[in-house]
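Take the given structure of chain A and dock chains B and X to it, following the hints.
Chains as they are written, first to last, in my numbering: chain A, 1 to 253; chain B, 1 to 285; chain X, 1 to 266.
Restraint-style ranges between C-beta atoms, simulated for each label pair:
{"no.": "1", "chain 1": "X", "residue 1": "D81", "chain 2": "B", "residue 2": "A15", "range": "21 to 27 Å"}
{"no.": "2", "chain 1": "X", "residue 1": "L102", "chain 2": "A", "residue 2": "E127", "range": "56 to 62 Å"}
{"no.": "3", "chain 1": "X", "residue 1": "A173", "chain 2": "B", "residue 2": "G244", "range": "40 to 46 Å"}
{"no.": "4", "chain 1": "X", "residue 1": "L47", "chain 2": "B", "residue 2": "G244", "range": "26 to 32 Å"}
{"no.": "5", "chain 1": "A", "residue 1": "E138", "chain 2": "B", "residue 2": "A15", "range": "43 to 49 Å"}
{"no.": "6", "chain 1": "A", "residue 1": "Q245", "chain 2": "B", "residue 2": "Q106", "range": "56 to 62 Å"}
By construction, these hints were calculated from the structure, which means they are not laboratory data.
Ideal Cβ positions, reconstructed from N, Cα and C, are used throughout, including at glycine.
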Amino acid sequence: MNDASHLRIRDLSISFGDQPVLKNVSLDVPDRKITVIVGPSGCGKTTLLKSLNRLLDSVDDVHIRGHIYVDDDDIYDPRVEVTRVRKKMGLLSQKPQVLPMSIFDNIAYGPRLHGVRDRKALAAIVERELKAAGLWDEVKDRLHGPAARLSVGQQQRLCLARGLAVEPEIILGDEPTSALDPQSSRIVEQRLMALKADYTVIVVTHILRQARRIADYIAFLYLGELVEHGPASAIFAAPRDPRTQAYFSGEIS
Amino acid sequence: MGFRRRKWEERIVRALMLVSTGLVLGSLLMILGTVIIKALPAINLDMITKTPQGGYYMGKAGGILNAILGSLYLASGATLLALLLSLPIVLSINTYSLRSKAWAVQVRFFLDVLWGVPSIVYGAFGFIVMTLLGLRASLLAGILTVALLELPIMARAMDEVIRLVPSALIDASASLGATRLETALRVVLRQSLPGILTAMLIAFGRGIGDAASVLFTAGFTDHIPTSLTQPAATLPLAIFFQLGTPFPEVRERAYASAAVLTLIILIVSLAARALSRKLRKHIIN
Amino acid sequence: MLGLFLKSGAVLSLQPLSRLLFSAAWKPLKGQFGLLAFLCGTMWVTLAAMILAVPVALLTAIYLSEFAPRFVRSLAKPFIDLLAGIPSVVFGVWGVLLIVPLVARIAPLFGAYSSGYSVLAGAVVLAIMILPTIILVSLEVFSAVSRDLRDASLALGATRWETVKHVVLRRGAQGLIAAVVLGFSRAFGETMAVLMVVGNVARVPKSLFDPAYPLPALIANNYGEMMSIPQTESALMFSALVLLLVVLAFNFAARLILTRIERRIQ
Chain A
1 MNDASHLRIR
11 DLSISFGDQP
21 VLKNVSLDVP
31 DRKITVIVGP
41 SGCGKTTLLK
51 SLNRLLDSVD
61 DVHIRGHIYV
71 DDDDIYDPRV
81 EVTRVRKKMG
91 LLSQKPQVLP
101 MSIFDNIAYG
111 PRLHGVRDRK
121 ALAAIVEREL
131 KAAGLWDEVK
141 DRLHGPAARL
151 SVGQQQRLCL
161 ARGLAVEPEI
171 ILGDEPTSAL
181 DPQSSRIVEQ
191 RLMALKADYT
201 VIVVTHILRQ
211 ARRIADYIAF
221 LYLGELVEHG
231 PASAIFAAPR
241 DPRTQAYFSG
251 EIS
Chain B
1 MGFRRRKWEE
11 RIVRALMLVS
21 TGLVLGSLLM
31 ILGTVIIKAL
41 PAINLDMITK
51 TPQGGYYMGK
61 AGGILNAILG
71 SLYLASGATL
81 LALLLSLPIV
91 LSINTYSLRS
101 KAWAVQVRFF
111 LDVLWGVPSI
121 VYGAFGFIVM
131 TLLGLRASLL
141 AGILTVALLE
151 LPIMARAMDE
161 VIRLVPSALI
171 DASASLGATR
181 LETALRVVLR
191 QSLPGILTAM
201 LIAFGRGIGD
211 AASVLFTAGF
221 TDHIPTSLTQ
231 PAATLPLAIF
241 FQLGTPFPEV
251 RERAYASAAV
261 LTLIILIVSL
271 AARALSRKLR
281 KHIIN
Chain X
1 MLGLFLKSGA
11 VLSLQPLSRL
21 LFSAAWKPLK
31 GQFGLLAFLC
41 GTMWVTLAAM
51 ILAVPVALLT
61 AIYLSEFAPR
71 FVRSLAKPFI
81 DLLAGIPSVV
91 FGVWGVLLIV
101 PLVARIAPLF
111 GAYSSGYSVL
121 AGAVVLAIMI
131 LPTIILVSLE
141 VFSAVSRDLR
151 DASLALGATR
161 WETVKHVVLR
171 RGAQGLIAAV
181 VLGFSRAFGE
191 TMAVLMVVGN
201 VARVPKSLFD
211 PAYPLPALIA
221 NNYGEMMSIP
231 QTESALMFSA
241 LVLLLVVLAF
251 NFAARLILTR
261 IERRIQ
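Okay, chain A solo, but in the shape it has when bound:
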């Protein structure tokens, strides 16, 4: 629509069993910007996010209609190799999910899967991504210690570094700071804003203030419908739909 977009969602409808969760969502996600999906809880935000990297595949009884195009390929085409799709996107979950291994191995996990074997290459990747996530200085002396010993804020940054290590184009964040203390939240937000120079970032959040801080582009989801979307400044200043206005003013949450 406006800027260049290589992630386009068309008429996406998802239901779990008989329960419809998303209805006819269409959206072009702008490149190299932070797009924030907001809306009250339970309205389909996380489902939308998870549909982007096909994590819904492992859920029982889910029905997906519509198309999601990444670089002009429909990722739900049955001929598409799922792991390749997922490699293009990095995921940050609400509660930091550190894999049961050392810090080094956590980050090297992705590259190793995709064929990088050389020790030096892996070490270089680990260093690079830990720096990008703002964690390098804190852990450089204990790279081979267990990742579980890190604080929650550090773990989330580790997950960020880990996601970056597979060289994605898109970063997905599912309420990435809601489990963190305010200071760690700030750090993660800053990291995301720095990363948008090179990646397309999509964040789901129910914290409006966070959206105001970091969003370049806003999409408001209410009861499974994409009510309104557009550049953040425009939408925040003058929301057109009455539901959006109600949400921003705090009437519905």
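Using the frame of chain A, we list chains B and X on its own:
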């Protein structure tokens, strides 16, 4: 790319997993099938309605009614006894609140550890108690031993159900002025009745099929026991003895007996399953 | 409480003989009360059963937990429960009918002669008997691993198997060990079925095709003599005590691990 290798690795593992699962499910079918097929020639009405007449173990007339009834009596008695013993235990760890949480954890742990004790150990213990009390091999001794065997199984199953009773319900009853005992009996038990019945069925199924615990304690006889002090025949032992003879017709009867035992257990199992499904619908939550 | 009771019961009959038994146990006396042949027999059969059962059980549990469509999973559960409920005598009957002749037939292929009543037969029957135990506990362990963790691995581009291999199995390693230990203790104490197929010859078995005489079978078979020869009773009670202690020790360890895992989730 290394990608094709990853794909192949996944395919091989999937194949192995399917084979394993097939083996597991198939072995059940194989066992049931074999026993039933071998049992067919020997199954007739006589088997289940008559007790062994003279020479039964050498191929002459009779049936295994002694063992069928003996097993039923024994397992029912044991299950009831186990119920009487485990109910207070389970109720006490569930209706007393946070104060004795540590004790509840200990008791549960203890029950879990006891859960896997081999039945022959219970048999040996039962034997010792028997000699100490001066009992002879009898229905009563068998009941005592099997009750001990069933206790951890029943207590654990009941615990799982009674745990589900929401504490709000218990609090509501207490605030209405009921004593702990009254709450326990009126509220908790009624709410978990189907679950308790299920637990009883599960324990019954275990108790009726066990041989090692009754080997020393219940004895064996060709007659149907008419009092607790008489020895009682049990199906597992009947099967065992019939199998050990050199006469093929008697061995066939062993298969038939095995089929009868399996059938009883299958019925009990299905009943327990049906009950637990009903239970899920009625839980207040 | 109850446990102490059990132990003291067996020990009572054992007192006068404890020294005698202990020393004899380590010498390969087939004679009086050397328990070596029986201990070896039990170990052989149990270990062989574990080698057969553990891979099959784990693979099945992984399949049911991570790969199977929902209807397969719900169909398999009752099957496995049923398998767990089959009494050991019936397993014994089946073993005598099918496995013993099978072993007798294949023994010559390995250059051995066997009546079929052997360690191998006992191991096969025992293996099938402990499958449900290992599977059910493993399934519980796997369900304790959060879905989000699996999603994190998948999101990095791992295949489902790779996720299982690197994440689920590693996370669940302790619990799986507990499952295996529980299976072992169940196998160790199993009496009836093994007794019927294993030959009951009091010699240390030298190969898979030799008969053996496991400890539980010893107790079961000789209870008749218990009455006539007083020392036999003590010996058997001692064996029962050994059995009890071993099983309790294993169960204790396994349950400890499993409780720790449960606590970690909460």
